[in-house]
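Let chain A serve as the given structure and place chain B on it in line with the hints.
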Amino acid sequence: MSGDGSGRRRGLDGPAPEERPTPAGRRNEQGIRIDPEVEAKQEPRRTVISTLVEHEPGVLSDVSGLFSRRQFNIESLTVGPTTDDDRARITLVVEEPDPGIDQIKKQLRKLIPVISVRELESDAMRRELALVKIDADQPAEVAAVADMYDGKTVDSCPETATIEITGSRQKIDAAIETFEQFGIREIDRTGTTALARGTQSTAAPASTTESTAEAASHPQNQYAPADDD
Amino acid sequence: MSERATSIPPEEQHDDQDQDQDQDQDADATANADGNDTTAGATGADAAVTGDGTQPKPVTTGAESVVRALENAGVEYAFGVQGGAIMPVYDALYDSDITHVTMAHEQGASHAADAYGIVSGEPGVCLATSGPGATNLVTGIADADMDSDPMLALTGQVPTDFVGNDAFQETDTTGVTTPVTKDNTFAADPDRVGTDVSEAFALAREGRPGPTLVDLPKDVTNAETDREPDEPATPDTYEVTEEADPTIVASAAERIENATRPIMLLGGGVIKGEASETCREFAIEHDIPVVTTMPGIGSFPEDHELSMEMAGMHGTGYANMAITHCDTMIAVGTRFDDRLTGGIETFAPDAEIIHVDIDPAEISKNIHADYPLVGDADTVVSQLARAVETSPQATKWRAQCQQWKSDYSMAYDAPEDEPIQPEFVVEALDEATSDRAVVTTGVGQHQMWACQYWTFTEPRTWVSSHGLGTMGYGLPAAIGARLAADDDQEVVCIDGDGSFLMTLQGLSVAVRENLDITVAVLNNEYIGMVRQWQDAFFEGRHSASDYGWMPEFDKLAEAFGASGFRIDEYDEVADTIEAALAEDGPSVIDVHIDPQANVYPMVPSGGDNGQFALAEDQL
Chain A
0 MSGDGSGRRR
10 GLDGPAPEER
20 PTPAGRRNEQ
30 GIRIDPEVEA
40 KQEPRRTVIS
50 TLVEHEPGVL
60 SDVSGLFSRR
70 QFNIESLTVG
80 PTTDDDRARI
90 TLVVEEPDPG
100 IDQIKKQLRK
110 LIPVISVREL
120 ESDAMRRELA
130 LVKIDADQPA
140 EVAAVADMYD
150 GKTVDSCPET
160 ATIEITGSRQ
170 KIDAAIETFE
180 QFGIREIDRT
190 GTTALARGTQ
200 STAAPASTTE
210 STAEAASHPQ
220 NQYAPADDD
Chain B
0 MSERATSIPP
10 EEQHDDQDQD
20 QDQDQDADAT
30 ANADGNDTTA
40 GATGADAAVT
50 GDGTQPKPVT
60 TGAESVVRAL
70 ENAGVEYAFG
80 VQGGAIMPVY
90 DALYDSDITH
100 VTMAHEQGAS
110 HAADAYGIVS
120 GEPGVCLATS
130 GPGATNLVTG
140 IADADMDSDP
150 MLALTGQVPT
160 DFVGNDAFQE
170 TDTTGVTTPV
180 TKDNTFAADP
190 DRVGTDVSEA
200 FALAREGRPG
210 PTLVDLPKDV
220 TNAETDREPD
230 EPATPDTYEV
240 TEEADPTIVA
250 SAAERIENAT
260 RPIMLLGGGV
270 IKGEASETCR
280 EFAIEHDIPV
290 VTTMPGIGSF
300 PEDHELSMEM
310 AGMHGTGYAN
320 MAITHCDTMI
330 AVGTRFDDRL
340 TGGIETFAPD
350 AEIIHVDIDP
360 AEISKNIHAD
370 YPLVGDADTV
380 VSQLARAVET
390 SPQATKWRAQ
400 CQQWKSDYSM
410 AYDAPEDEPI
420 QPEFVVEALD
430 EATSDRAVVT
440 TGVGQHQMWA
450 CQYWTFTEPR
460 TWVSSHGLGT
470 MGYGLPAAIG
480 ARLAADDDQE
490 VVCIDGDGSF
500 LMTLQGLSVA
510 VRENLDITVA
520 VLNNEYIGMV
530 RQWQDAFFEG
540 RHSASDYGWM
550 PEFDKLAEAF
560 GASGFRIDEY
570 DEVADTIEAA
580 LAEDGPSVID
590 VHIDPQANVY
600 PMVPSGGDNG
610 QFALAEDQL
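Sequences listed follow chains A and B, in order. Residue numbers for the first sequence, in numbering that gives the first Met the number 0: 0 to 228. Residue numbers for the second sequence, in numbering that gives the first Met the number 0: 0 to 618.
Chain A extracted, bound-state conformation:
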């Protein structure tokens, strides 16, 4: 033991650590009690969280700051106006294990300018938009591929064609992959926009007590076309 000139054993009396009883139980990283024999690891899942906020300066940085500060894994964030001039909607795609998703929702609700937070069901309508600028050496083939993905030509010149694709993330991924054969010069993609289906309100005001259980129990008997219709 260093730094002690007196040589006296310093500290307190009592049974040493190895003489003490120890409980058999364990908790996992999320603080959930587990069977110590079984490694209970929570897998991350991707989900869409829709947030209605006061349309005021600083709210976007409040939300994005929260995500970086708390190390929440965010894939995309889109923000835009709503039917109410005083409110904006922020749509977030996040990927976290369940406890992390719960934390995200709770932490978002704590922000004062946040009016409501809701995790959308898996059948929610989700759309992204991408602009893809492609080498136009083979204009006919480019047009054919664009057609396959319901793409629109936004701009063209002898060297390039720029195609607008909207749809699910998967559809856009697939379109980009197909366009790669022509040579992609530049891409810009929006994040996901999303709304709940049917008469459900995506982020109704005054829903701070809404729970995941409630979100999961929405009637599923409405017409729900394929996500990528």
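Check the hints yourself; a few may be wrong.
[As the list claims (entries may be wrong)] If you only want the chain A side, here are some residues facing chain B, beta carbon under 10 Å, derived:
1. Pro14
2. Glu28
3. Arg32
4. Pro43
5. Arg44
6. Thr46
7. Glu53
8. Ser60
9. Ala87
10. Val113
These are calculated hints, taken from the structure and not from any lab test. A quick note: this is a predicted structure, and the numbers were derived from the prediction, not measured. Even glycine gets a Cβ: it sits at the ideal position worked out from N, Cα and C.
This is chain B only, laid out in the frame that chain A set:
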């Protein structure tokens, strides 16, 4: 209760304000007796009629509206430092009955306001100018944020037209403070600026308390307005759940009834929610051993048989044994900080957790709650008290807890032929003061000795920097605590030499304001906690922890105009403490303690609470 840090349904707000005013009268009477504010008594009497003094003059500027908002909220003291951009507010404050304490440094202003909030239960107010004034406040704001202390910070800002131009003394204050405030606002409109302040004050206090900030551009405070501020109220988007879900309360109650190894874990939320009395009654009624977190110190009397005292990194051995082996934990107002839990995997691994917290985001953040009870601590514990019909059968467990108390006694050696042991000094200070004495500290070894060896029995008597761990907190906190405490409460700052050195310019404030505080510096000429860790984990390499030399704090105190004392020997301890406490103004005792003294028990970072070390060779 108006000082309760919980939300009030809108229909009760009026009542609440009346109560505030009643309380103002009481507090004013105290201030008057203290001689600090000779006009306060008269103001208090009028307050019952008009709410803010003798026929308030209508506001004419944004700055006056800001000050009017503070007056409406019942603010009595503000702590701050002048400067260019905040000058209009200070000019308005000149005519106000609010007592402004000019601090030596803005960091001190925020710590003083924080401590004022802890002791009084009402938000402490601090002010600073733009730029460096605002950034100097940040440490204290972050400190209040980590500890959920109610605080309102008002910062000057360059005129709106200059914002974004990198003007002189411009800082993006709302940007800088967003991560460390409960909410902040850039005041953009002179007609609204007073209401911004009212709202920030209410937000600091309601629900889970915390620091709020209003950034005040000079053109907005200088501008003409006749708009009186609205009464303090939280915005519509802010909702607080008061009462927990009765179904979960019922199942939690059943769990408590069937527990064989129950404990209560009381956190800082118990004190902020004024739930100490309810928790005490519940624990005593059902004979449940009580462990506290560090901010929860004072929620339960440490001299009670059921008290296991503080758990965590430097908690008592018996508290850590109880927390590790319990089968049911009733955790109230705690956020399960890592200094409390140690390694998550070994934290109370056999316990079903009943977690009471007003902030839903604390539920299952670090430790999974089997019974999540979101609501106000006092309300929810009362709900539990009504729901629990039979006490748990835990005779054996209580005997075990008592056994641990004797197995892991905190008794320490104090050989006469060695330098003074710090534990002895803390006990002597405790002995020499009343049960209601307020203790403030810096951060480090001295802080841990203060937790461990002072016997706390009352809430709002332990004032420390828990979550942020801010060295230098102790002295400015003592200033704020002194003004919030009753006259018959002593205010003692147990400080370390390193911590004291960081903010000792505050002595000038204590002397100027003639504040009766006693600072005991446990001086080992080290950053002692770092030195202790270096001995344990860095092969004794004392990199930058050994000051090797410290100024003579007693003489330094005298230079400031305070009384200075020095202790080197055991036989000087009692008399010197008595003499220092007898001083009416500030006094400083430079206590030269054993530089090799260490804090035990100790759970290393991320370690198993039940495997706490009692000495270095067990780490």
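Review point. So which of those numbered hints doesn't the model satisfy?
Key: Violated: hints 4, 5, 6, 9.
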